[in-house]
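Colleague: Listed below are the residues making up each chain.
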Amino acid sequence: MTTATAEQRAGFFNRLANPTRFMGLADAILPWLTGLAAVLLAIGLYMAFFTAPPDYQQGHTVKIMFIHVPFAWLAMMGYAIITVSSIGSLVWRHPMADVAAKTAAPIGACFTFLALVTGMLWGKPMWGTYWVWDARLTSVLILFFLYLGLMAMWQAIEDASRAGRAAAILAIVGSVNLPVIKFSVDWWNTLHQPASVVKLGGPAIHPSILVPLLVMAAAFTCLFFVLHLTAMKTEVLKRRVQALRMTRVDAASGASK
Amino acid sequence: MTLLPELGKYPEFILAAYAASLLVLAGLALWIMHDARTQARLLAKLEAKGATRRSARNRKLPRK
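Protein sequence lines, in the order shown, are assigned to chains C and P.
So the first sequence is numbered by the numbering used here: it starts at 524 and just counts up by one.
So the second sequence is numbered by the numbering used here: it starts at 522 and just counts up by one.
Calculated from the structure, these hints are not laboratory results.
Some hints could be false.
Stated by the list, open to error - Below, simulated SDA-like cross-link-like pairs (lysine to any residue); rule was C-alpha separation at most 25 angstroms, straight line:
| no. | chain 1 | residue 1 | chain 2 | residue 2 |
| --- | --- | --- | --- | --- |
| 1 | P | Lys530 | C | Leu639 |
| 2 | P | Lys570 | C | Arg762 |
| 3 | C | Lys761 | P | Leu546 |
| 4 | C | Lys647 | C | Trp711 |
| 5 | P | Lys530 | C | Val655 |
| 6 | P | Lys570 | C | Ala775 |
| 7 | P | Lys530 | C | Thr574 |
| 8 | P | Lys566 | C | Ala774 |
| 9 | P | Lys530 | C | Gln581 |
| 10 | P | Lys566 | C | Arg544 |
Claimed, not checked - Just a few of them, taken from the derived set where beta-carbon distance is under 8 angstroms, the chain P residues facing chain C:
| no. | residue |
| --- | --- |
| 11 | Phe534 |
| 12 | Leu549 |
| 13 | Ala557 |
Remember, predicted model here, so these are calculated numbers, not experimental data.
Backbone N, C-alpha and C fix where the C-beta goes; we use that ideal spot for every residue, glycine too.
Next up, chain C with everything else stripped away, as it sits in the complex (with noise of 0.2 angstroms):
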């Protein structure tokens, strides 16, 4: 990367930072983002139920797939943000990162959530149990965990921007999990199956299953952006309102001397 670029590069970053500007570009992307996520999920669920054929092993339960595995995806898409989004709140102090962070963590707790909650409704009928401790799945619950151990301690201690460098670090710290979560299917003997999408030597699924679960993880990735940007914008009003409220309390207390 040249000095030029990548000065360019961190203009941008350093314009995003700015509130005012992120509220603007996030006005302008919104509506566009919601009417593709809609069309996605409408495409995507007509495959999932009208087209895609029945797996030769799983039968019509492969249908718990084209959701089950867009949001194990996103559960940990969620917290690559958070902690991206840290490293650039403890680093660079930007102002939207720390928002990003925070607000992330809900929505990639309820998509944990249903990927574990999914996962139980397909392993019944396939492995006979809903729950097994074995790699995948603990991990994944842990990963939860660290999700709601997250959005207790913003609750937590008051000062935001404490509660926001505490979160950090225990973000970074989390992101150990990640890698686990990934590779927990080859490092250990589970009953979930290995990577059969993102896999060395392309995906192992036929075309007509792989489709419907790329429509519907692509449906679900622009969900989330719609989501975690409209809690972003709230986050900033939420500052601003803070921030009057303040002034307002000053300015009586200065009256009143």
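Here the structure of chain C is known, so what remains is to put chain P in place on it, guided by the hints.
Modeller: Here is chain P on its own, set in the frame of chain C:
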């Protein structure tokens, strides 16, 4: 093609997975939208009372 999709031997598990997903994601979206509206209303109320941000006050200062 029929209007109802073929769900095989375990329809209850497939429908439960999709219903749980709809419930959780709809709940999350409603909570986020409600929070957004609440904060926008609070901000509008404060600004109507004359509260302004530091950046807005600085813009009103005459240039020297």
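Colleague: Indicate, hint by hint, whether the structure satisfies it.
Modeller: Here is what the structure says about each hint:
1. Under the criterion of a C-alpha separation no larger than 25 angstroms, the hint pairing Lys530 of chain P with Leu639 of chain C is consistent with the structure, at around 22 angstroms.
2. Between the alpha carbons of Lys570 of chain P and Arg762 of chain C the distance comes to roughly 18 angstroms, so the proposed pair stays at or under 25 angstroms and holds.
3. For the hint pairing Lys761 of chain C with Leu546 of chain P, the CA-to-CA distance comes to about 23 angstroms; that is within 25 angstroms, so the pair holds.
4. Note on Lys647 of chain C and Trp711 of chain C: the hinted pairing holds, with a Cα-Cα distance of about 21 angstroms set against a maximum of 25 angstroms.
5. Under the criterion of a C-alpha separation no larger than 25 angstroms, the hint pairing Lys530 of chain P with Val655 of chain C is consistent with the structure, at around 23 angstroms.
6. Taking the CA atoms of Lys570 of chain P and Ala775 of chain C, the gap is about 13 angstroms. The hint holds against a cut of 25 angstroms.
7. About 18 angstroms separates the Cα atoms of Lys530 of chain P and Thr574 of chain C, which keeps this hinted pair within 25 angstroms; it holds.
8. This hinted pair checks out: Lys566 of chain P and Ala774 of chain C have alpha carbons roughly 17 angstroms apart, not beyond 25 angstroms.
9. Taking the CA atoms of Lys530 of chain P and Gln581 of chain C, the gap is near 10 angstroms; set against the 25 angstroms cutoff, the hint holds.
10. A distance of roughly 23 angstroms separates the Cα atoms of Lys566 of chain P and Arg544 of chain C; the hinted pair therefore holds under the 25 angstroms criterion.
11. Among the interface hints, the one on Phe534 of chain P holds; its C-beta lies about 5 angstroms from the nearest C-beta in chain C, closer than the 8 angstroms criterion.
12. Look at Leu549 of chain P: its Cβ gets to within about 5 angstroms of chain C, closer than 8 angstroms, so that hint holds up.
13. Evaluation of the Ala557 of chain P hint against chain C yields a held restraint, the C-beta minimum of about 4 angstroms falling below 8 angstroms.
Of the numbered hints given earlier, the model fails none.
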